[in-house]
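Dock chain B against chain A, hints included.
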Amino acid sequence: MKIVVSFKVVPDDQDIQIAGDGSLDYSKAHQVVSSYDLNAIEAAAQLAASNDASLVGMSVGKAAIDDSKLKKNVLARGVDELFMTADDACADMDAYSTASALASLLTKIDSYDLIICGDGSADNYAQQVDVQLAAKLDLPVVSSVTRLSVENGVLKAERTLEDVVEVVRVALPAVVSVTPDAALPRIPGMKDIVSAGKKPSDVSAAVAAYTSGIEVLDCRAPKQAERRGEIIDLSEDGAVARFAAAIKAAQ
Amino acid sequence: MKALVIIKGREAAAKLCSAARKNADEVVLVVIGDTPLPGAVADKTLHIALPTGSVYDDAADTIKAIYDAETPDFVYLEATRSLKVITGKLAAHANTSAIVDVLELADDVASNRYFGGIGQRSLKATGAKIYTISVSDLPDGAASGTDLVEEASWVAPEKPLELVETRPIEKSGTDLFKAETVISVGRGFAEEAQLELAYALRDKLGAGLGCTRPLTEGVDWLPRDIYIGVTGLQLAPTTYIAIGISGQMQHMVGCNRATTLLAINKDKNAPIFKQCDVGLIGDIKEVLPALIEAL
Numbered sequence: 482m483k484i485v486v487s488f489k490v491v492p493d494d495q496d497i498q499i500a501g502d503g504s505l506d507y508s509k510a511h512q513v514v515s516s517y518d519l520n521a522i523e524a525a526a527q528l529a530a531s532n533d534a535s536l537v538g539m540s541v542g543k544a545a546i547d548d549s550k551l552k553k554n555v556l557a558r559g560v561d562e563l564f565m566t567a568d569d570a571c572a573d574m575d576a577y578s579t580a581s582a583l584a585s586l587l588t589k590i591d592s593y594d595l596i597i598c599g600d601g602s603a604d605n606y607a608q609q610v611d612v613q614l615a616a617k618l619d620l621p622v623v624s625s626v627t628r629l630s631v632e633n634g635v636l637k638a639e640r641t642l643e644d645v646v647e648v649v650r651v652a653l654p655a656v657v658s659v660t661p662d663a664a665l666p667r668i669p670g671m672k673d674i675v676s677a678g679k680k681p682s683d684v685s686a687a688v689a690a691y692t693s694g695i696e697v698l699d700c701r702a703p704k705q706a707e708r709r710g711e712i713i714d715l716s717e718d719g720a721v722a723r724f725a726a727a728i729k730a731a732q
Numbered sequence: 204m205k206a207l208v209i210i211k212g213r214e215a216a217a218k219l220c221s222a223a224r225k226n227a228d229e230v231v232l233v234v235i236g237d238t239p240l241p242g243a244v245a246d247k248t249l250h251i252a253l254p255t256g257s258v259y260d261d262a263a264d265t266i267k268a269i270y271d272a273e274t275p276d277f278v279y280l281e282a283t284r285s286l287k288v289i290t291g292k293l294a295a296h297a298n299t300s301a302i303v304d305v306l307e308l309a310d311d312v313a314s315n316r317y318f319g320g321i322g323q324r325s326l327k328a329t330g331a332k333i334y335t336i337s338v339s340d341l342p343d344g345a346a347s348g349t350d351l352v353e354e355a356s357w358v359a360p361e362k363p364l365e366l367v368e369t370r371p372i373e374k375s376g377t378d379l380f381k382a383e384t385v386i387s388v389g390r391g392f393a394e395e396a397q398l399e400l401a402y403a404l405r406d407k408l409g410a411g412l413g414c415t416r417p418l419t420e421g422v423d424w425l426p427r428d429i430y431i432g433v434t435g436l437q438l439a440p441t442t443y444i445a446i447g448i449s450g451q452m453q454h455m456v457g458c459n460r461a462t463t464l465l466a467i468n469k470d471k472n473a474p475i476f477k478q479c480d481v482g483l484i485g486d487i488k489e490v491l492p493a494l495i496e497a498l
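So the protein sequences, as listed, match chains A and B. Using my numbering, the final residue of the first sequence is 732, and nothing's skipped along the way. Using my numbering, the final residue of the second sequence is 498, and nothing's skipped along the way.
These aren't lab readings, by the way, just hints derived from the structure by calculation. Treat each hint with caution, since some may be false.
[Unchecked claim] Selected chain A positions facing chain B (Cβ under 8 angstroms, derived; list incomplete):
| # | residue |
| --- | --- |
| 1 | Q495 |
| 2 | Q608 |
| 3 | V646 |
[Unchecked claim] The calculated lysine-lysine pairs, modelled on DSSO-like cross-linking and capped at a C-alpha distance of 30 angstroms, are:
| # | chain 1 | residue 1 | chain 2 | residue 2 |
| --- | --- | --- | --- | --- |
| 4 | A | K589 | B | K362 |
| 5 | B | K381 | A | K704 |
| 6 | B | K362 | A | K617 |
| 7 | B | K374 | A | K729 |
| 8 | A | K543 | A | K589 |
| 9 | B | K471 | B | K488 |
| 10 | B | K362 | B | K267 |
| 11 | A | K553 | A | K589 |
| 12 | B | K407 | B | K471 |
| 13 | A | K729 | B | K477 |
| 14 | A | K680 | A | K550 |
| 15 | A | K729 | B | K488 |
| 16 | A | K704 | B | K225 |
| 17 | B | K267 | A | K617 |
| 18 | B | K327 | A | K704 |
| 19 | B | K327 | B | K225 |
| 20 | B | K327 | A | K543 |
| 21 | A | K483 | B | K362 |
| 22 | B | K471 | A | K704 |
| 23 | B | K477 | A | K704 |
| 24 | B | K374 | A | K637 |
| 25 | A | K483 | A | K637 |
| 26 | B | K205 | A | K617 |
| 27 | B | K381 | A | K729 |
| 28 | A | K509 | B | K327 |
| 29 | A | K729 | A | K704 |
| 30 | B | K488 | B | K407 |
| 31 | A | K637 | B | K362 |
| 32 | B | K471 | A | K509 |
| 33 | B | K471 | A | K729 |
| 34 | A | K617 | B | K327 |
| 35 | B | K469 | A | K704 |
| 36 | B | K205 | B | K225 |
| 37 | B | K469 | A | K729 |
| 38 | B | K267 | A | K637 |
| 39 | A | K509 | B | K477 |
| 40 | A | K729 | B | K407 |
The model shown is predicted, which means the values in this text are computed figures rather than measured ones. Beta carbons are placed, not taken as given, at the ideal position from N, Cα and C, and that holds for glycine.
Here chain A stands alone, though its shape is the one from the complex (with noise of 0.2 angstroms):
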């Protein structure tokens, strides 16, 4: 059996500053595997060692996503194969392109029963590659899985909705996104990122140019409310008074 895991690389959302005019500072932000990938790839990584499976993990965005310690961080856990698509004219797709993206990519990959995709891009958050990459492949997609297994090359997942959980079969292959309740990621030991360095990747440009259904006119910061920053210290007198009034008048 083979397991693909699909991620997004993107800015550390940790480091990204608001500028003077509003828009996004992204300059001390490192390239970072979205944060929900993780899990997906940890997911995988765990289907794959319970199924005696191997594990290869895509990528598609601008040029600069081939870099080194990334690509080695995504194979010390337990990823076996990476392929990725790194081209400026793979930036900032939308959800259609990087479908399409992603299938030219997986032409590269002889075969494979299952993808795993994460539940969504600290980006974007958009919920929508997954399906979006399902429907071009003519393929069934389980959202929103929280516990997954294969047996005789069908599908059982768990996926967690907003009231109800429901637990749904499908014949592989298939497409799943997972959620970061799926597996918690695990930090790779100084013995995986070594022989991580070892292992195949495979980039390449892109095959194809891109254009987006979505024009993106403007991004900046949302304005903030006007605070009145009246701060009390708990050594002055009537201190949590004056804090039990305000909450009450706020009431």
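For chain B alone, coordinates are given in the frame of chain A:
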């Protein structure tokens, strides 16, 4: 202009239809499965009966057929996990991408959150206009229409999911979207036992309780569905009290639409003191018992 509105919950029907009515003279509503049919919120309601053993998502092929037959100028879908799957399949069918979780929409310019609300983007669909909107981001609206209901004929998917079992989820208490007062706890709580102080304050105030991400994904003291911030809940309560929360942007995007924001933190340099209406500098071990007493 013609709108197609697709909903899962009944509350969404009136809200989404009334939002659609602002931009369309004809509104067609699609209701899937056993959701109670809302009265008179659209010009026509199409009901899709879900065959036994089918999941909501597998209504996608029927919805694609409805989309082709109705040729709407735009589509609104309620942002739920199942309808997001239908959204993706419909957008793929229309050779485009949907604009999801729209906060505002005027003159075909939609805004939504970027990086969990750190930014907000203004977006325009260059192809088919397909949007998802969360009910919690919409005001109540008076929808108008008729009671006309038609049954849609089921288009069976080629590769359906087989529904084996459905279990209701037990919610962990108050619906934080509906709570007028929300107290929220962060890393300032050094040990799990200290949460008792927060529970006592919550009960005293009749408030809802939320937390920052580390308290649910780091130490697992609290359920994930009450986590407030980027990729978690984004609330706009009347009163928000942040306790032991430093005020990182990644949390603040989940609460900065509160009418009044109060904060308790022992670090006088915590960034939250620059973003609150009233702040109290002090250790939660001393502050909370005294505060509960004073309220």
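We went through each hint and held it up to the structure:
1. Hint status for Q495 (chain A): holds, given a least beta-carbon distance of 7 angstroms to chain B, under 8 angstroms.
2. Annotation: interface hint on Q608 (chain A) holds; nearest CB of chain B at approximately 5 angstroms, less than 8 angstroms.
3. Checking V646 (chain A) against chain B: minimum C-beta separation of about 5 angstroms stays under 8 angstroms; hint holds.
4. For the suggested pair K589 (chain A) and K362 (chain B), the alpha carbons sit about 25 angstroms apart, so the restraint of at most 30 angstroms is met.
5. Proximity of K381 (chain B) to K704 (chain A) is assessed by CA-CA distance (about 24 angstroms); at most 30 angstroms being required, the pair is judged to hold.
6. Between K362 (chain B) and K617 (chain A) the CA atoms are separated by roughly 14 angstroms; this keeps the pair inside 30 angstroms, and the hint holds.
7. Pair hint K374 (chain B) plus K729 (chain A) holds up; C-alpha atoms about 28 angstroms apart against a cutoff of 30 angstroms.
8. With a C-alpha separation of about 19 angstroms, the suggested pair K543 (chain A) and K589 (chain A) falls inside the 30 angstroms cut-off, and the hint holds.
9. Under the criterion of a C-alpha separation no larger than 30 angstroms, the hint pairing K471 (chain B) with K488 (chain B) is consistent with the structure, at around 16 angstroms.
10. Simply put, K362 (chain B) and K267 (chain B) have alpha-carbon atoms about 15 angstroms apart, close enough for the 30 angstroms limit, and the pair holds.
11. As the CA atoms of K553 (chain A) and K589 (chain A) are separated by approximately 20 angstroms, the hinted pair is consistent with the 30 angstroms bound.
12. Note on K407 (chain B) and K471 (chain B): the hinted pairing holds, with a Cα-Cα distance of about 26 angstroms set against a maximum of 30 angstroms.
13. Note on K729 (chain A) and K477 (chain B): the hinted pairing holds, with a Cα-Cα distance of about 21 angstroms set against a maximum of 30 angstroms.
14. Between K680 (chain A) and K550 (chain A) the CA atoms are separated by roughly 13 angstroms; this keeps the pair inside 30 angstroms, and the hint holds.
15. Taking the CA atoms of K729 (chain A) and K488 (chain B), the gap is about 21 angstroms. The hint holds against a cut of 30 angstroms.
16. With a C-alpha separation of about 26 angstroms, the suggested pairing of K704 (chain A) with K225 (chain B) holds against the 30 angstroms cut-off.
17. Taken as a hint, the K267 (chain B) and K617 (chain A) pair is honoured in the structure, with Cα atoms around 15 angstroms apart against an allowance of 30 angstroms.
18. With a C-alpha separation of about 21 angstroms, the suggested pair K327 (chain B) and K704 (chain A) falls inside the 30 angstroms cut-off, and the hint holds.
19. For the hint linking K327 (chain B) to K225 (chain B), the alpha-carbon distance of about 18 angstroms falls within 30 angstroms, and the restraint holds.
20. As the CA atoms of K327 (chain B) and K543 (chain A) are separated by approximately 22 angstroms, the hinted pair is consistent with the 30 angstroms bound.
21. Among the hinted pairs, K483 (chain A) with K362 (chain B) is consistent with the structure: their alpha-carbon atoms are about 20 angstroms apart, no more than 30 angstroms.
22. Our distance criterion of 30 angstroms between C-alpha atoms is met by K471 (chain B) and K704 (chain A), whose separation comes to about 25 angstroms.
23. With a CA separation close to 15 angstroms, the supplied pair K477 (chain B) and K704 (chain A) stays within the 30 angstroms bound.
24. Proposed proximity of K374 (chain B) and K637 (chain A) is supported: the alpha carbons are some 24 angstroms apart, at most 30 angstroms.
25. Distance check on the hinted pair: K483 (chain A) and K637 (chain A) sit about 17 angstroms apart at the alpha-carbon level, within 30 angstroms; holds.
26. With a C-alpha separation of about 28 angstroms, the suggested pair K205 (chain B) and K617 (chain A) falls inside the 30 angstroms cut-off, and the hint holds.
27. This hinted pair checks out: K381 (chain B) and K729 (chain A) have alpha carbons roughly 19 angstroms apart, not beyond 30 angstroms.
28. Of the pairs offered as hints, the one joining K509 (chain A) and K327 (chain B) holds, with about 29 angstroms between alpha carbons and a cut-off of 30 angstroms not exceeded.
29. Restraint check: the Cα-Cα separation between K729 (chain A) and K704 (chain A) comes to about 27 angstroms, which is no more than 30 angstroms; the hinted pair holds.
30. In summary, the hint linking K488 (chain B) to K407 (chain B) is supported, as the alpha carbons are separated by about 17 angstroms, within the 30 angstroms threshold.
31. About 15 angstroms separates the Cα atoms of K637 (chain A) and K362 (chain B), which keeps this hinted pair within 30 angstroms; it holds.
32. Our distance criterion of 30 angstroms between C-alpha atoms is met by K471 (chain B) and K509 (chain A), whose separation comes to about 26 angstroms.
33. Distance check on the hinted pair: K471 (chain B) and K729 (chain A) sit about 23 angstroms apart at the alpha-carbon level, within 30 angstroms; holds.
34. Among the hinted pairs, K617 (chain A) with K327 (chain B) is consistent with the structure: their alpha-carbon atoms are about 23 angstroms apart, no more than 30 angstroms.
35. Distance hint between K469 (chain B) and K704 (chain A) is fulfilled; the C-alpha atoms sit about 28 angstroms from each other, no more than 30 angstroms.
36. Proximity of K205 (chain B) to K225 (chain B) is assessed by CA-CA distance (about 11 angstroms); at most 30 angstroms being required, the pair is judged to hold.
37. Straight-line distance between C-alpha atoms of K469 (chain B) and K729 (chain A) comes to about 22 angstroms, which keeps the hinted pair within the 30 angstroms bound.
38. Proximity of K267 (chain B) to K637 (chain A) is assessed by CA-CA distance (about 27 angstroms); at most 30 angstroms being required, the pair is judged to hold.
39. The straight-line distance between the Cα atoms of K509 (chain A) and K477 (chain B) is roughly 23 angstroms, inside the 30 angstroms bound, and the hint therefore holds.
40. Between K729 (chain A) and K407 (chain B) the alpha-carbon distance is near 12 angstroms, which keeps this suggested pair within the 30 angstroms criterion.
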